[in-house]
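Residues per chain, in single letters:
Number of protein chains: 2
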Amino acid sequence: MLNYRQLHYFWVVARTGSIVRACEQLNLTPQTISGQISLLEQTYGIALFQRVGRQLELTEAGRKALPYAEQMFQTGNELEAMLRAQPDEQQILFRVGVADVVPKSIVYRLIAPTMELSEPLRITCREDKLERLLADLAIQRLDLVISDSPMPTHLDIKGYSQKLGECGISFFATQALADRHPGAFPQCLQGAPLLIPGAETVIRSRLQRWFAEQQIQPKIIGEFDDSALMQAFGQSGSGIFIAPSVIADEVVRQYGVALIGQTDAVTESFYAISVERKVKHPGIVAITEGARRELFTALP
Amino acid sequence: MLNYRQLHYFWVVARTGSIVRACEQLNLTPQTISGQISLLEQTYGIALFQRVGRQLELTEAGRKALPYAEQMFQTGNELEAMLRAQPDEQQILFRVGVADVVPKSIVYRLIAPTMELSEPLRITCREDKLERLLADLAIQRLDLVISDSPMPTHLDIKGYSQKLGECGISFFATQALADRHPGAFPQCLQGAPLLIPGAETVIRSRLQRWFAEQQIQPKIIGEFDDSALMQAFGQSGSGIFIAPSVIADEVVRQYGVALIGQTDAVTESFYAISVERKVKHPGIVAITEGARRELFTALP
DNA sequence: ACCTACACTTCGTGAAAACCGAAGTATACG
DNA sequence: CGTATACTTCGGTTTTCACGAAGTGTAGGT
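As given, the protein sequences belong to chains S and W, one line each in that order.
All letters in the first sequence, in the order written, are residues -18 to 281 by this note's numbering.
All letters in the second sequence, in the order written, are residues -18 to 281 by this note's numbering.
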């Protein structure tokens, strides 16, 4: 019989990447979690983690198991939220999935308008790979997916995309790094260390085309599927990184980096994907209208 | 923090319909399960079951919670199977969903051919409402769905139906009940107590049309979405019930009932619904070919 | 090279929980 | 109205879980 508590610890450790961080989240001590996970591994005679340096890393088996656990406890959290909400009753659920390539502050600004609706919404927000989010959209476990690309056609799922807006991109670096690559933008990018979005993103290929046109060859030193992670590396001075221009001010402020330059020749778009049930969800309406009115007003 | 063990007990009790049966499955005593579920209810201050007679029934909250639990532990079971299978490695997964209106012995006969393939399959079989199965098909948590109707068009899911076969239906009753309604078939059905498939099934409406044509008004005393349940009631002598003619012999033998008559004017069809990935799953091939070759050979 | 900080592990103990036997209550059925 | 069945309640017992103390191994600075 599978021990769901142990599996839960496994999940938290896997997603936080370390036992210590899992402890903070679970209010437990490391030896407890370490022990319980060892027991789990023992039960099935298979290692889920392996030590790499002083961190833990998923083994092959662990990587296989993680999506199952993910699904289980994601559902578990929703169930718990539902059980707790029972008494006060009937606020409308609004379940949003966010593709991990979308910068968090964009997401925040997109979703913020839904918080101020007259009818109280209960918002659930989840981040994942686009494909998985769309699957959940199909079975109506999500009401809306926010992504940087419209609905792909190769999936066996119907969905309707709605463009929220489009904007140019800006380049950022720590001041020290920026000083090392002086000169006019964009020529200053020549040979500079660059962090770029992963191969699966839309903006990646546009960016590369633009570099070719400008006859600039930056030195790509990192690829990231998750924009927050990319920005974290950028903040440490590893390389120059990009973000949509609408959040340029915020990036400069929050990460303490310098704006190197910006272009509208490369644009990033954002889409709201829904199944478009007969009744439009108030949350979706708020997001699409809010995006048009406030976030992307300066653009066509 | 949600107690997953208690939730698991809740799930088993809900799906078996009784604590005692859950005990058999979990190797526990009733007082344990009863107690643990009470604790769960206490934690969230909400009843999940209510006593009806000496059985338990889901409350409104329980009904809301069940699909979540279903999802969780279904996934949990798959995970466990995967973890166990790890050592011997690489047998092809074949996950089949069966709509509950399809008689079990038909399902068995359809699936049986896959057991004898040269390449070893690991078959997972799940029974549920058609709609839920199709949702899981869309996100590739299932490879095939077997149903009595082709892919409905109103869902936001793509799927491809393939007709497995078609056959007439037969009427059955206990000998005692049959004796009470003597005479030639189908006139003997006039005024006889009848158990029929639920309103959502395809055969239901065909059956009613046929009765109208024959100018027969049976007395409908029960509707069932689950064919096994209908047959159980039929076995107890509650009423006359139907089943596809291909399994007539088996129904007579297994339930100890008499065959009253059969007609090919009302037919029941069975379909295999898949997402038709590039590569045809060996299990799907085996089922469609097996159906054509063995089960429904006598028909066009 | 060595010291310190950090992350995970091992071991033994104590507390919490889960579980069971016995007995009790309530319902269905003949 | 008695018997069988299903769920509950109430102790006591067993098992599981969690922590403190101490240990191993790695990273990084001096």
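Since the hints were derived computationally from the structure, they do not count as laboratory data.
Here the structure is a predicted model, which is why all the values come from computation and not from measurement.
Treat the hints loosely; a few may be bogus.
[To be verified] Quick list of in silico lysine-lysine cross-link-like pairs, DSS-like style, CA-CA up to 27 Å:
1) W:Lys85 <-> S:Lys139
2) S:Lys85 <-> S:Lys200
3) W:Lys261 <-> S:Lys139
4) S:Lys261 <-> W:Lys45
5) W:Lys144 <-> S:Lys139
6) S:Lys110 <-> W:Lys200
7) W:Lys110 <-> W:Lys144
Each hint tested on the structure:
1. As the CA atoms of Lys85 of chain W and Lys139 of chain S are separated by approximately 32 Å, the hinted pair breaks the 27 Å bound.
2. A C-alpha spacing of about 26 Å is found between Lys85 of chain S and Lys200 of chain S, which places the hinted pair at or below 27 Å, so the restraint holds.
3. For the given pair, Lys261 of chain W sits about 22 Å from Lys139 of chain S by alpha-carbon distance, which is consistent with the 27 Å threshold.
4. For a cut-off of 27 Å, the pair hint linking Lys261 of chain S to Lys45 of chain W stands: about 23 Å separates their Cα positions.
5. Between the alpha carbons of Lys144 of chain W and Lys139 of chain S the distance comes to roughly 24 Å, so the proposed pair stays at or under 27 Å and holds.
6. Restraint check for Lys110 of chain S and Lys200 of chain W: the C-alpha separation of about 55 Å exceeds 27 Å, so the hint is violated.
7. Restraint check for Lys110 of chain W and Lys144 of chain W: satisfied, since their Cα atoms lie roughly 19 Å apart, inside the 27 Å limit.
Checked against the numbered hints given earlier, this structure breaks hints 1, 6; the rest are met.
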